[in-house]
Amino acid sequence: KLAIITGSNTGIGYETARRLVQEYGWDVILACRSKDKALIAKNKINNYETENDDDDDDVLSNNNNANNGKAIVLNPVLDLSDFDSIRKFVDAVENEYDNVDVLINNAGRNTSGRSPGNPNLDLMFQSNYLGHFLLTELML
Numbered sequence: 049k050l051a052i053i054t055g056s057n058t059g060i061g062y063e064t065a066r067r068l069v070q071e072y073g074w075d076v077i078l079a080c081r082s083k084d085k086a087l088i089a090k091n092k093i094n095n096y097e098t099e100n101d102d103d104d105d106d107v108l109s110n111n112n113n114a115n116n117g118k119a120i121v122l123n124p125v126l127d128l129s130d131f132d133s134i135r136k137f138v139d140a141v142e143n144e145y146d147n148v149d150v151l152i153n154n155a156g157r158n159t160s161g162r163s164p165g166n167p168n169l170d171l172m173f174q175s176n177y178l179g180h181f182l183l184t185e186l187m188l
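Residue numbers (the numbering used here): 49 to 188.
Keep in mind the hints are simulated off the structure, nothing from the lab. Just so you know, even glycine gets a beta-carbon here, dropped at the ideal spot from N, CA and C. Hints may be right or wrong, so weigh each one.
[Claimed, not checked] Across the chosen pairs, the derived CB separations fall in these ranges:
1) Tyr72 <-> Ser160: 36 to 42 Å
2) Tyr177 <-> Asn116: 33 to 39 Å
3) Arg135 <-> Glu71: 30 to 36 Å
4) Asn166 <-> Asp146: 38 to 44 Å
Please build the complete structure, drawing on both the sequences and the hints.
Structure (structure tokens):
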């Protein structure tokens, strides 16, 4: 199975990606704005350590993704505030994979100052709503 999770370098998105990879053996594309942060999350997920319950000495052991799932970072990364970035990301997914089983639209940003005309408010609306709408539409 293959999933795409937006905003998967921290928080709920990261934990969802981690569990899908480590516990269910899925491949998960980490769709993030920052390639550096996405690569850090990818490495943490793919090289995770778990407490070994069989040993009395609480030694950590590398599980090596026993279920054969992996976290993936594509080039280009996904910036939901940029329609061109979204289109390029979808093109990369379609060129690399035949099928995506699940799309989880998790990414979001917040801003202070909710007055009309605030450029940060426009960016938030673009990222949190319009970007996810376009991504979903293009993935169908």
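Could you tell me whether the CB distance from Arg135 to Glu71 stays inside 30 to 36 Å?
33 Å, holds
Honestly, do Tyr177 and Asn116 meet the 33 to 39 Å range at C-beta?
36 Å, holds
Using the C-beta atoms of Asn166 and Asp146, is the stated range 38 to 44 Å upheld?
42 Å, holds
Just to be sure I understand the hint, the distance between the Cβ atoms of Tyr72 and Ser160 should be within 36 to 42 Å; is that true here?
38 Å, holds
Violated hints for the displayed structure: none, as all numbered hints are satisfied.
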